[in-house]
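*Asks:* Numbering (my numbering), first residue to last: 762 to 1526.
Hints listed in this document are in silico derivations from the structure and should not be mistaken for laboratory results.
As the structure is a computational prediction, the values presented were derived from the model and not from experiment.
Built from N, CA and C at the ideal position, the CB exists for glycine as well.
Please note that a few of the clues may not be correct.
[As the list claims (entries may be wrong)] Within a straight-line C-alpha distance of at most 20 Å, the following computed EDC-like cross-link-like pairs (lysine to aspartate or glutamate) qualify:
id	residue 1	residue 2
1	LYS1308	GLU1239
2	LYS1201	GLU1505
3	LYS1201	GLU1239
4	LYS1519	GLU1418
5	LYS1519	ASP1353
6	LYS1381	GLU1256
7	LYS1308	ASP1321
8	LYS1304	GLU1239
9	LYS1308	GLU1165
10	LYS1304	ASP1409
11	LYS1201	GLU1146
12	LYS1201	ASP1507
13	LYS1519	ASP1498
14	LYS1304	ASP1268
15	LYS1304	ASP1321
16	LYS1304	GLU1256
[Unchecked claim] Label pairs and their computed distance ranges (CB to CB):
id	residue 1	residue 2	range
17	ALA1219	PRO1330	20 to 30 Å
18	PRO1394	PRO1474	43 to 53 Å
19	GLU1250	GLU1476	39 to 49 Å
20	PRO1394	TYR1202	35 to 45 Å
21	PRO1330	ARG1178	17 to 27 Å
22	PRO1372	PHE1089	31 to 41 Å
23	TYR1132	ARG814	56 to 66 Å
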Amino acid sequence: MKPLLLTASLAALLAGSIVAPASSLAGQAPAASVEAQAVSADLRARADALIARMTLEEKAGQVSQLFMFGDPATFEAGVRSGNVGSLLFVTDPAVINRLQRVAVEESRLGIPLLFGFDVIHGLRTIFPVPIGMAASWDPETVRRGQAVAAAEARASGIHWTFAPMLDVTRDPRWGRIVEGPGEDPYLAAALARAAVHGFQGDHIGAPGHIIAGPKHFAVYGASEGGRDYDSVFVSDSQFYNVYLPPFAAAIEAGAGNVMSAYMEVNDIPAAANPWLLTDVLRRQLGFEGFVVSDANGVKSLVAQGFAVDEADAAARAMAAGNDLEMAFGETANASLPQAVRMGRLEESVLDDAVRRILIAKIRMGLFEQPYVDERLTEAVLSAPEHRQVALTAAERSLVLLQNEGGVLPLSAGAHRRIAVIGPLADSADDTLGSWVFVPKYEETVTIAEGIRQRLGAAGEVITAPGVQIRRGTPSMFERFRPAPPQWSEAQAHAEFTRAVEAARDADLVILVLGEVEQMSGEGASRTSLSLPGEQLRLVEAIKALNKPVVAVLLNGRPLDIAPLADQVPGIVEAWHPGSEGGTAVARALFGDINPGGKLPMTWPRSVGQIPIYYSHNTTKAPADQDVRYWDQPSTPLYPFGYGLSYTDFAFTDIAVERAAVRIGEPVVVTATVTNTGPRAGDEVAQLYIHQRSGRAARPVRELKGFERVTLQPGESRQVRFTLTSAELRYWNAGERDWVLDASEFDVWIGGDSRAELKTSFRVTP
């Protein structure tokens, strides 16, 4: 691939597609930028003064990060000697202060430790999983949520998170889809910028904020077969047009760290890939922060058949641009002093890595204030306003998938006895979702509890799981949150019978189905997207009772729910909604709020359609797209951007301010959206374009603008989008460069990727 002689300008270009209408980002914190995060001469001089005093072993220590499992005392010697510069996986502020005192007061140079943690969708206050937050289509919701997460983390002594995960994916079999933004680079870029602003504030070191660490650089979401850790083979067109934009947006927003990926990219492991980590990340995107490997990602270079041994792996990863090694036990980077002495690694390369890490510590203010005030921690973690932010996020992430006959919302007084049935109905773990390592179950509102609280004396709520669902192989995370004991055959029969009888005695049944939280996440890929276990058998047994039935889904990926949709008229997608998930779901079911979320992924009818995504090329037979398979339609079950409402919306009056513009001139597109129904509600106005001709075939539609608006019954609002060169340019595989073609462009505005309201404009030379 041809390297580009661009730095921050490329980051801004790629990230430019995230420019949203001002109203959709109302209240957002001042934007940081890649320029604002540039390393000043003073910062560099301060770091260099420390580097000049360091031994090779101390330098190697600064580029070594260890997981802290077990007794903190076992880590003190390494900290005291300067052999470790960063620790992760500790959230106890007392332990953090204890180890920090060793680093600051007992090591030779007194360099503070940098503490990291997986603050993915909250610390104490848990927000919807990232794929759920993406369904809000609301960057401000994401920013506010990650700002709360950052405040709680910083109050606990954590300085840095390994988030947001920005891996665009088009394969829902991949388990880590739950951590990411979905299938679309434009939406992903918007959420990337919002997450970085939320975590970091307006600058690295802002009070109550932490360093953001976008991951996994890059293309991890394209692993073959949706299998975690498997190789990626990607064209440069896909790389630049699909997978790179969210990282460019995060870097343009000022992210202080980037995590390299595990797998090979076109046969070269990402953790030791100089093209990825130096040519693209630093030279093209202008990134000046530090790069960390994923867990044991440097050591893994040996198993991948790339490095001879761990010493070779350390030297080659460092030379490629991987500054900091994250590892269990001994680090490979401990061998770097010997590599320098033997001439296998230039000391200046090691110094560059150390400098980046020291600058991060300086920016975070750790030399001036290395300790956390333990007296304030609990007050921040238990702040009631954090719960309100989590509730709002859960509400805005809900997607109404089906509502035949207007069965939803329910009437709180119409049913005296309600059965909340399903394996996830009263499960705190599955309400919270994956990547929650310090759960507070007593602070978690399950779906059943949320409904019980909402109804109060207006109705009796009974609950039963009915069936148990389990993974076929254990999750790597069971050491933190063990799976419950497996039911015996007799217990399974008894629980199924109990659930059916509970439904028989009820006036209304609310099914809570989906996946347990350990069925998505790292090491959680699937070959099937069907509802696991005997959930459909439970649905059929309850449906046979002829009771009113609606369903709520808790899951971390699109599922094959066609059999459920055939039997249940009302379905709400809640993802794993977090601490206030049950409250949010109950409020939606009973009409206190109107669901307004939209799908950030195309939902396939079956696993055989994968990969399926809306922005495919037109091909030679565009009229036949829905009949490419002979055994079922090749269209999705639910399209990208889809989501129903308890009210109705109409889009009208689409217009472009200028029907023809020259290359490089902006195009302003407007339309009117009207709430034509009986309730207040949210609609997400989505703008899509298609370039009719040019130097490459372009996708049939591409998202290039969106705005979530709230409208009262009968209210109308004009939405306005500006398309610039950033939205119209694309990476051309033939020319191996960014191009902007003179062409006719179609443009649609509507409520999902099937939008029908259409106009066009022309770009001339």
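*Asks:* All hints are to be evaluated individually against the structure, with a verdict given for each.
*Replies:* Here is what the structure says about each hint:
no., hint, in the structure
1, LYS1308 / GLU1239, "violated (37 Å)"
2, LYS1201 / GLU1505, "violated (55 Å)"
3, LYS1201 / GLU1239, "holds (17 Å)"
4, LYS1519 / GLU1418, "holds (14 Å)"
5, LYS1519 / ASP1353, "violated (34 Å)"
6, LYS1381 / GLU1256, "violated (54 Å)"
7, LYS1308 / ASP1321, "violated (24 Å)"
8, LYS1304 / GLU1239, "violated (34 Å)"
9, LYS1308 / GLU1165, "holds (15 Å)"
10, LYS1304 / ASP1409, "violated (29 Å)"
11, LYS1201 / GLU1146, "holds (17 Å)"
12, LYS1201 / ASP1507, "violated (50 Å)"
13, LYS1519 / ASP1498, "violated (30 Å)"
14, LYS1304 / ASP1268, "holds (13 Å)"
15, LYS1304 / ASP1321, "holds (19 Å)"
16, LYS1304 / GLU1256, "holds (17 Å)"
17, ALA1219 / PRO1330: 20 to 30 Å, "holds (23 Å)"
18, PRO1394 / PRO1474: 43 to 53 Å, "violated (35 Å)"
19, GLU1250 / GLU1476: 39 to 49 Å, "violated (57 Å)"
20, PRO1394 / TYR1202: 35 to 45 Å, "holds (43 Å)"
21, PRO1330 / ARG1178: 17 to 27 Å, "holds (20 Å)"
22, PRO1372 / PHE1089: 31 to 41 Å, "holds (34 Å)"
23, TYR1132 / ARG814: 56 to 66 Å, "violated (23 Å)"
Of the numbered hints listed earlier, those contradicted by the structure are 1, 2, 5, 6, 7, 8, 10, 12, 13, 18, 19 and 23.
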